[in-house]
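With chain A held as given, fit chain B onto it using these hints.
If you're matching them up, the sequences are chains A and B in order.
Numbering follows this note's numbering, in which position 34 of the first sequence is assigned residue number 34; successive positions increment by one, without gaps.
Numbering follows this note's numbering, in which position 403 of the second sequence is assigned residue number 403; successive positions increment by one, without gaps.
For the record, the hints were derived by calculation from the structure and aren't laboratory data.
Keep in mind that the hints are not guaranteed to be accurate.
Stated by the list, open to error - Some chain A residues judged to face chain B by a derived CB distance under 10 Å, without partners named: (1) Phe85; (2) Asn93; (3) Gln111.
Glycine included, every Cβ here is placed at the ideal spot set by N, Cα and C.
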Amino acid sequence: MFDKPIKLLLLSIMLLLSGCSDKGPHTHGVYMLLDTSGTYTRELRQAQRVINYSLAQLNPGDTFAVARVDTGSFSEKDIVHKQTFEDRPSMTNQQKREFREKIEVFVRNVQPSKFTDITGGLLQAIEYLNEAGTGKKSIIIFSDLKEELRPGYIRDIPLELNGFRVIALNVTKLRSDNIDPREYMSRLEKWQQRIEEGGGIWKVINDLERLTPMFEG
Amino acid sequence: MQSSIYMIVPNPFLSGLIWFFLVLLVMYFARTPAHFSISAFCRVFRNAMRLTARSVMDGEKRLANRNREVLLAQGREAVERVIEREFDRVDATIRRDLSEYPALHRQLSEEVTLIDEDYKQSMEVPPSPPGWIKAVEAVANIPARDDPMVGSILEDIHQSMIKANTNATEEYRKSSHKRHMYLKDMMPHWRKVLQALGNVDKKVTNLLDRGKIIDRHMEDYENIIKKTDRAVRELSSSSMTQFFISAFVLMIAVGGAVINFNLIARPMSEMVGGSSYIMGFQTSMIAALVIILVEMAMGLFLMESMRITQLFPIIGALNDKLRVKMIWISLTILTTLALVEAGLAFMREIMMQDAAATRAMLRGGEAQVVQSSYLWITTVAQMGMGFILPYALTFVAIPLESFIHSFRTVLGVVFVGLLRGLAWFLRVIGDIAYFMSKLIIHLYDLIIFAPLWIERGLKNRSTENEKPVAGKSSRSKTATSAL
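The shape of chain A in the complex, shown without the other chains (with noise of 0.2 Å):
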């Protein structure tokens, strides 16, 4: 007699407590991308620590994907690796051991590229990240940020960034900076007045011994 109501109930208390249940806004997604160009190549090993370090703080249900900046960035191609963690921790150790290997192979077999298109990377990353629906949404970008775009290509565009973190890593000194500071000082004006424009937030870590800000906030 009483079977169909308390099944009722039942059922109404598991719909509102899956209803209330949420994932969106606790996740972290992590886009990074690792110039490839010239001879930034050589700066790979230091950003496989950074990627170790990112995986390490990652959580269950977090994304981390990793891609590389290359001649045309603007491309799925280019994504060495992409993951949304298990939601449980035994299976995101497993995802994280499996990344890492992956990158190691990407790390020792890298070729390097003849342009440098960030502003590509950029917009694969907000796309790929506004996909995955994450709560935070933070685009590391370990290049020197000297955009160099073959010619044709179009990457004038604004970009739509509310929401997101840029941080730029390990922003190098080239020769050119080195004879005359205020190149380096514009680009890295430029590039955080495109970003500021776009709505996201911008930071640069150069001491990679204290990349703990770059999962604050």
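Leaving out everything else, chain B in the frame of chain A:
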């Protein structure tokens, strides 16, 4: 523009002075109604404060009476429970000990019969004199004593007598020995009787002690029924003590619950996922909390079913069969949850090792986590804690009940104190307002002291004119009063 309204003459100082004198004049002429208004306003304020204070005190009295009633009701209930338990114990003692009374009586009777028989058999019976003694006496009385024939007969008789005497003595010794043996046999029976009576004495003394305890509780109960101040004082003091003790024990229990929570929260993420959230909290944490709360609820039901606590009268009022069923059900659920917790604690250790291995791998390439041979100790300890803590949390029900009961009293006492403080504060404010009216009146007079002084001078002069004879003395008096 606005300030020009106040400029009576172009000179601001002069304007100010004129205004001052005007205000002074107005104040002088309005002195009596102003005094009256100030005084009336302050009196009204004071009365309002006093009325409010009285109303607060009435509320305080009602609350104090209510507290007293609640305290007495709680005390009566507690003493009734204690007396009931004492009677249960007396009942159990009587059932246990007096049910053995017929057996004890039979044992004592048997022992007494045996002792009686032994006593009868141990009585000394004087040996009967031989029948031929009279014949010997007759022969001994024969006159012809010098006759050798008679001498020989007598000698034979003498020998026979010695022999008979020896036999009789031997016989007597034997019978005495036998009697002594009977007396010796009585010893264990006496001991048994002594032991049985000792047991009876102990049980009766125990019952008497219980009777004294019941008397003491009954005295308390009577005091509570009579609603004496002594009973209220004792109950209040006891309630305060209970409040602090139970709060302390509850704090310890909260510490235990926190440890328990930390033990199972992490492995819970393996079961319910580590990335889902409910109302801003991780689902795994909520699940761990729910498990702990369910354990506490089961512990509460267990204690209620065992009638150790009485937070839910409906459980205490269940029939015994249903109550026992409830005990078993809650105990089974509790044991299951304890086993789940032990399993989760084991899982936690495995997860920690896995996480440590991953971290080490990410940190230093192929580095391996060193496996300690003593690691099993922490694993076993965690599992043990996971299994024991749910049972330990069961006992939270006892301090919780004390805390809830005593909290009502403590809260009542605190509120009574607050109301008293409020009433005192309102009265003080009222009195301050009353005395402020006098101060304001004096300040008012101080501001218009010049017109008042002139008025007083004029009055004195007119008085002097009216009484020229008493001029000197009255002037001096006026001067004194003016001073």
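Going through the hints against the structure:
1. Phe85: 8 Å, holds
2. Asn93: 4 Å, holds
3. Gln111: Interface hint status for A:Gln111: violated (23 Å vs cutoff 10 Å).
Consistency with the previously given hints fails for number 3 only.
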